[in-house]
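There are 2 protein chains.
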Amino acid sequence: MGKLLVVGSVAFDSVKTPFGEASNVLGGSATYFSTSASFFTDVNLIAVVGEDFPQEHLEFLKSRQINLDGLEHRSGKTFRWRGEYSHHLNEAQTLETHLNVLETFRPKIPDHYTTPSALFLGNIDPELQLDVLNKVRRPSIVACDTMNFWIDSKRDALWKVLEFIDVLVINDGEARALGEDANLVQVAKKILSRGPKTLIIKRGEYGVLMFHQDGIFGAPAFPLETVKDPTGAGDTFAGGFMGYLSASGNYSESGLRQAIIFGSVMASFNVEEFSLDRMKRLTREEIDSRYHSFKQLTHFEALS
Amino acid sequence: MGKLLVVGSVAFDSVKTPFGEASNVLGGSATYFSTSASFFTDVNLIAVVGEDFPQEHLEFLKSRQINLDGLEHRSGKTFRWRGEYSHHLNEAQTLETHLNVLETFRPKIPDHYTTPSALFLGNIDPELQLDVLNKVRRPSIVACDTMNFWIDSKRDALWKVLEFIDVLVINDGEARALGEDANLVQVAKKILSRGPKTLIIKRGEYGVLMFHQDGIFGAPAFPLETVKDPTGAGDTFAGGFMGYLSASGNYSESGLRQAIIFGSVMASFNVEEFSLDRMKRLTREEIDSRYHSFKQLTHFEALS
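These protein sequence lines are chains A and B, in that order. Every number in the numbering used here is 413 more than the matching position in the first sequence, counting from 1. Every number in the numbering used here is 413 more than the matching position in the second sequence, counting from 1.
The set of hints was computed from the structure by calculation and includes no laboratory data. Backbone N, C-alpha and C define an ideal beta-carbon position, used for all residues, glycine too. Be a bit skeptical, because a hint or two may be false.
What the hints assert, rightly or not - Now the stretches of chain A that chain B is said to cover, found in silico as 3 or more residues with beta-carbon under 8 Å: (1) 595-608; (2) 613-620; (3) 625-633; (4) 636-642; (5) 666-680; (6) 694-705; (7) 711-717.
Work out the full structure: start from the sequences and follow the hints.
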C-alpha cells in the first residue's frame with residue numbers, strides 16, 4: 414500500500430498579525446500539508462531546505478511519522494517569507510520573499526516514493542508539477558494547488574497540469590483569475606471542462622465551495638473566538654482533505670464532502686496559534702469532536 | 414390572528430451592474446421585505462411615497478396581498494437611490510440619495526396594525542424604530558435591521574432599540590462596526606449581552622451566520638450561474654426569514670435555522686434579475702424546490 418506523496422515548500426516564516434508576531438518560525442506549504450495529513454495517513458514529503466534548517470524541526474516532522482527521505486538538504490539558505498495581516502485576516506501582505514534554495518529546486522523522487530496512493534502537488538512551478546506527475550505511477554487521486562504568479566506567468570503549463578489531475582484546490586481570487594470570470598459557477602464550468610473532476614475553492618473565513626460533476630457542496634468556516642495567524646490555513650486544509658481521502662479510500666462525492674469537513678477542521682485548529690504550534694498538541698479526539706461540531710453548525714431540518 | 418408588520422422605505426432605484434442597468438425601478442427595504450414575506454404570510458406595510466408613485470406599483474403590492482393601509486401618500490417625491498456595483502457584487506457604491514418624502518417620515522400606525530404577530534423594523538432612524546415599538550402590542554417576535562449611518566450617528570438610540578428586540582439582522586461590516594471588534598464571535602457575544610437573543614449576520618455571496626444562545630448556525634449562499642442585481646438581497650432575505658417564522662410560529666433555534674434557509678432561498682431568486690422582476694413570477698413550488706437544493710448543497714455524512 415502506497416503513501417500520500419506531497420511536493421511543496423519548507424520555509425521559515427516571519428508573520429505579524431494584530432494578535433502578535435513570530436519570527437523565523439517553521440512554515441511552508443509542504444510542512445503545513447504533511448503535518449495536517451499525518452493525523453490521518455502516512456506521508457512522504459518532497460521538498461528542499463538549506464544548511465540553516467535546524468534539527469529541532471526535523472525531529473518534529475519525524476515525530477508526526479512523516480517520511481523525510483525526499484527532503485533534500487542543499488548548501489545555502491532555506492526559503493524565507495515575511496508577511497503581515499491586517500484586522501481582516503483573509504489576505505496576507507507579502508513584505509519579503511527570499512527563495513534561496515527553492516530557486517533552483519528540482520524535485521528528486523526516491524524510488525520508494527514512486528507508487529503513491531495519493532499525490533498532492535503543492536504550489537510550485539507548474540513545469541515542476543508536470544515533472545513529478547511524469548515520474549510516479551498514477552495514484553488513485555491527484556490534487557494540485559497553484560497561485561496567481563503561475564496563473565499569470567505559466568498559464569499554458571498550468572492548464573497542461575490540470576489535464577492530468579482530479580482535484581484543483583485554490584482560493585477564490587485564483588479561481589476567478591484562472592477562469593477569467595467573476596462568477597464562480599461559470600469559473601467552475603470552465604475549469605471542470607479542462608480536466609479536473611473536482612474544483613475546490615477556499616474562501617478563508619467564509620469557508621469552502623466544491624464543484625463536482627455530481628453537484629455543488631458548500632461549507633462555512635468554523636467560527637472561532639481566537640484567530641491568531643491564518644498562515645498555512647489553505648495547506649492545512651488540503652492536508653486534512655487529502656489525508657482523510659487517502660486513509661478512507663472513498664473518493665465518491667460523499668467521501669469528498671467528508672474530506673472537506675476534515676480539511677476545514679484542521680485549518681480551524683491551525684489558525685488558533687502561530688506557525689504549527691496548535692498542530693503540535695492536537696489530538697485525533699479533538700479533530701473528531703470538531704467534525705461533530707461542524708455537523709451541528711450546518712444542520713437544518715428538511716421540509717416535512 | 415395578527416399579521417407580520419414591517420416599517421421601512423419604498424423607493425425608486427437606479428442601478429448599474431456589469432450585467433445591465435435599470436432606471437427608476439421599484440425598490441426600497443419595505444418593498445423587498447414585504448414582497449418576499451408575502452409568499453409565506455399576510456403582511457401589513459408602513460412606509461411613505463410621494464405623488465410620483467405610480468398605480469402600477471401599488472397594484473403589484475396589492476396583488477401580493479400586502480395590506481397598504483399604512484402606506485402614506487404625501488405631497489412631494491418618493492425616496493430615490495442610485496448606485497453601482499462592480500464585478501465584485503458584494504457591495505454597492507451609492508452615487509445619489511434623495512430622501513425626499515422620507516426625510517420627514519414619521520410612521521403612522523393604523524389601528525388594525527397595532528396587534529401584529531411579528532414585527533420587522535427596517536433600516537430607518539432608531540428613534541423612529543423605538544416609536545413604532547412603543548405604539549404596538551408586543552408581538553411574538555421582533556427583528557430589526559440598521560446601517561452604518563445609524564451605528565455612527567445614533568449609537569445610543571440604537572442600543573436602546575436592541576434592548577427590546579429578539580433578532581438583529583445586519584451585514585458583517587455593520588456587525589463589526591456595532592461590536593467594535595473584527596472577530597464576529599466576539600461581536601456576537603457583545604451584542605447578545607445587550608438584548609437580542611439572536612444575531613444574524615448577512616455576508617452576501619458568502620452566506621449567513623446566526624449566533625444564538627443555543628448555538629451557532631452557518632449557511633453558504635446558493636451558488637448562482639446568473640447574478641444580475643444584488644439590490645434588495647438583504648431585505649428579501651429578512652422578508653423570507655420573518656415571513657416563514659410568522660407563518661410557522663416556530664421560534665425555536667431549529668425553526669430559526671429553517672427560516673434562515675427560506676430567507677436565503679428568497680434572496681437567491683431576487684438577485685437573478687433587476688428590481689423585483691424575479692419575484693413577480695416566482696412560485697411557492699420553486700421556493701420549496703430550492704430549499705431542497707440547499708439541503709443537498711450543505712449535506713455531509715456524520716462520523717459513523
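Original post:
Going back to the hint list, which numbers does this structure go against?
Top reply: none
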